[in-house]
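Fit chain R to the supplied structure of chain B, relying on the hints for placement.
Number of protein chains: 2
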Amino acid sequence: MYIAMNRFRVTLGRENDFEEIWLSRDSHLKGVPGFVEFQLLKGPERDDHRLYASHSLWASEAAFEAWTTSDAFRKAHAGAKPREGIYLGPPNLECFEVLQKVK
Amino acid sequence: MYIAMNRFRVTLGRENDFEEIWLSRDSHLKGVPGFVEFQLLKGPERDDHRLYASHSLWASEAAFEAWTTSDAFRKAHAGAKPREGIYLGPPNLECFEVLQKVK
Chain B
155 MYIAMNRFRV TLGRENDFEE IWLSRDSHLK GVPGFVEFQL LKGPERDDHR LYASHSLWAS
215 EAAFEAWTTS DAFRKAHAGA KPREGIYLGP PNLECFEVLQ KVK
Chain R
155 MYIAMNRFRV TLGRENDFEE IWLSRDSHLK GVPGFVEFQL LKGPERDDHR LYASHSLWAS
215 EAAFEAWTTS DAFRKAHAGA KPREGIYLGP PNLECFEVLQ KVK
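Protein chains in written order, with the working numbering: chain B, 155 to 257; chain R, 155 to 257.
These are computed hints drawn from the structure, not numbers from a lab.
You may find that some hints are simply not true.
Pairs involving identical chains hold if they fit within one copy or between any two copies, as the list cannot separate such chains.
Heads up, simulated DSSO-like pairs for lysine-lysine below, C-alpha to C-alpha not over 27 Å straight-line [to be verified]:
1. Lys229 / Lys257
2. Lys229 / Lys196
3. Lys184 / Lys196
4. Lys255 / Lys229
Given the structure is predicted, the values throughout are model-derived calculations rather than measurements.
Looking at chain B on its own, in the form it has when it is part of the complex (with noise of 0.2 Å):
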């Protein structure tokens, strides 16, 4: 299993408008082939934001990079633009390998 995190640093007081774009938006990612799971996170208020991080795992690193070509993706991000002043800087994604799970 692969996990792809983009972890977003949004601006103080814009915490709302964040959540509200992500919150009512279609990831297409449905009936992506080797699509498992998707989070949309909460983390913690530092200095001049707040963290907030999207998680999707996959089956494989190689499905993942499927879905970065694909139609689905690009529909997922078609106007996309985000509004001014939400994000500090652009996304930080990180891919993790998934060695060990325990329920």
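Only chain R this time, still in chain B's reference frame:
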């Protein structure tokens, strides 16, 4: 749901030591009230380290907080003295609330 994520910066060349310690330990998490799932994640290589992360998923923040003061927590961390040179500094704990989950 609530995710407690610990981020570890592991010295380059010591990845195997880190994985051996983590994959062989007993987390004492099974049966802890509110515990849902644990994942050990291998992240990207940076200039001077490789990023690893542990994710633990909890029914609530309260369940996570209760665990951190429990006997199970004490047992899991007893004798967890890190082998010298594996880590670049202490781990960085980040906690997240799950706002949305799409499967």
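Comparing the hints with the structure gives:
1. Taking the shortest alpha-carbon separations for Lys229 and Lys257, only the inter-copy value of 18 Å comes in at or below 27 Å, while the best intra-copy value is 35 Å.
2. For the homomeric pair Lys229 and Lys196, the shortest alpha-carbon distance inside one copy (24 Å) is at most 27 Å, but the shortest distance between copies (30 Å) is not.
3. For a Cα distance limit of 27 Å, the shortest separation of Lys184 from Lys196 qualifies both inside one copy, at 22 Å, and across copies, at 26 Å.
4. In this assembly of identical chains, the alpha carbons of Lys255 and Lys229 lie at most 27 Å apart only when taken from different copies (20 Å versus 32 Å within one copy).
Going through the hint list in order, the structure satisfies each hint without exception.
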